[in-house]
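Asks: Letter by letter, the chains look like this.
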Amino acid sequence: AQKITQTQPGMFVQEKEAVTLDCTYDTSDPSYGLFWYKQPSSGEMIFLIYQGSYDQQNATEGRYSLNFQKARKSANLVISASQLGDSAMYFCAMREVFSGGGADGLTFGKGTHLIIQP
Amino acid sequence: DGGITQSPKYLFRKEGQNVTLSCEQNLNHDAMYWYRQDPGQGLRLIYYSQIVNDFQKGDIAEGYSVSREKKESFPLTVTSAQKNPTAFYLCASSNSGLTKNIQYFGAGTRLSVL
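As given, the protein sequences belong to chains G and R, one line each in that order.
Residue 31 in this note's numbering sits at position 28 of the first sequence; the count goes up by one each step and never skips.
Residue 32 in this note's numbering sits at position 26 of the second sequence; the count goes up by one each step and never skips.
In short, the hints are calculated from the structure, not lab data.
Hints are supplied without guarantee of correctness; some may be wrong.
Said to hold, decoys possible - Covered stretches of chain R, as calculated for chain G (at least 3 residues, CB under 8 Å): (1) 39-50; (2) 73-86.
Unchecked claim - Simulated crosslink set (DSS-like; lysine-lysine; CA at most 25 Å straight-line): (3) R/106 to R/77; (4) G/113 to G/76; (5) G/113 to R/106; (6) R/106 to R/63; (7) G/76 to R/106; (8) R/77 to R/15; (9) G/113 to R/63; (10) R/89 to R/106; (11) G/73 to R/106; (12) R/106 to G/6; (13) R/76 to R/15; (14) G/6 to R/76; (15) G/73 to G/113; (16) G/113 to R/89; (17) R/76 to R/89; (18) G/6 to G/76; (19) G/73 to G/19; (20) R/15 to G/113; (21) R/15 to R/106; (22) R/89 to R/63; (23) G/6 to G/113; (24) R/106 to R/20.
As the list claims (entries may be wrong) - Per label pair, the in silico range of CB-to-CB distance: (25) R/46 to G/18: 19 to 27 Å; (26) R/8 to G/58: 25 to 33 Å; (27) R/47 to G/20: 24 to 32 Å.
All of these numbers come straight from a predicted model, not from anything done at the bench.
We put the CB at the ideal spot given by N, CA and C, even for glycine.
With the sequences and hints as input, model every part of the structure.
Replies: Here's what the structure looks like:
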């Protein structure tokens, strides 16, 4: 079973609209972290936002917010007032503190290709 | 500027040849990682190192080798045993040990087989 599922392979959104990118995860680890990264066509991965499993409030970073619904194992990224420069691949990722076997690596979803239209 | 430098940006490998991808960081991070990305896919962990002179296999380590002789450097060798090496390779670093273990990435190396 996939640990990170991103069900939207691609999305088209009008500039200035809000965007929600879906992410569901699967873990039995009580301690984990959830991350969102942006990958422009240049290829590098840009960190956007982090949510810890014990965090009481949803994370926010500028125009980015994370809609964390722990019981549903959902960690959707919300981008407010989208801009043309937001066009990119977006990846959801998870780090399991205990189940990962001590590994520090992240488990990534397959990504969502977001295209912002003028 | 602090960051992670990967070189070269593009690399071509001949059959039976080993090639080495460079990754250098000046962020003073303890941990470093190598990921592989295939078209239309997410990243998969190849190797990681939490401290100098120590490294661990990730999910897809077969056909790859690494070394960590210096804190700043974590080169990846793609050996001839890796039968399908064509991919985009990304190096990352972080301060390890906490749940909020934000990994910062380099610009990547695209490897192709001639």
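Asks: State for each hint whether it applies.
Replies: Now the hints, each set against the structure:
1. 39-50: holds (count 7)
2. 73-86: Violated: only 0 residues of the stretch 73-86 of chain R have a Cβ under 8 Å from chain G.
3. R/106 to R/77: 21 Å, holds
4. G/113 to G/76: 17 Å, holds
5. G/113 to R/106: The given pair, whose Cα atoms are some 22 Å apart, holds under the 25 Å limit.
6. R/106 to R/63: Holds, because 21 Å separates the two Cα atoms, which is no more than 25 Å.
7. G/76 to R/106: 18 Å, holds
8. R/77 to R/15: 22 Å, holds
9. G/113 to R/63: 22 Å, holds
10. R/89 to R/106: Outside the cut-off at roughly 35 Å; violated.
11. G/73 to R/106: 17 Å, holds
12. R/106 to G/6: It holds: about 18 Å lies between the C-alpha atoms, which stays within 25 Å.
13. R/76 to R/15: 22 Å, holds
14. G/6 to R/76: Between residue 6 of chain G and residue 76 of chain R the Cα gap is close to 33 Å, so the pair fails against 25 Å, i.e. violated.
15. G/73 to G/113: Given that 25 Å is the threshold and the Cα spacing comes to 21 Å, the pair holds.
16. G/113 to R/89: 23 Å, holds
17. R/76 to R/89: Violated - the C-alpha atoms of residue 89 of chain R and residue 76 of chain R are around 29 Å apart, more than 25 Å.
18. G/6 to G/76: Holds - the C-alpha atoms of residue 76 of chain G and residue 6 of chain G are around 11 Å apart, at most 25 Å.
19. G/73 to G/19: This hinted pair is violated, its Cα atoms lying about 29 Å apart.
20. R/15 to G/113: 23 Å, holds
21. R/15 to R/106: 29 Å, violated
22. R/89 to R/63: Answer holds: residue 89 of chain R to residue 63 of chain R is near 18 Å, not above 25 Å.
23. G/6 to G/113: The hint holds at about 11 Å.
24. R/106 to R/20: Since the Cα atoms of residue 106 of chain R and residue 20 of chain R sit roughly 40 Å apart, the hinted pair is violated (cutoff 25 Å).
25. R/46 to G/18: 19 to 27 Å: 26 Å Cβ-Cβ, so the 19 to 27 Å window holds.
26. R/8 to G/58: 25 to 33 Å: 27 Å, holds
27. R/47 to G/20: 24 to 32 Å: Cβ of residue 47 of chain R to Cβ of residue 20 of chain G: about 28 Å, so the range 24 to 32 Å holds.
In summary, the numbered hints that this structure violates are 2, 10, 14, 17, 19, 21 and 24.
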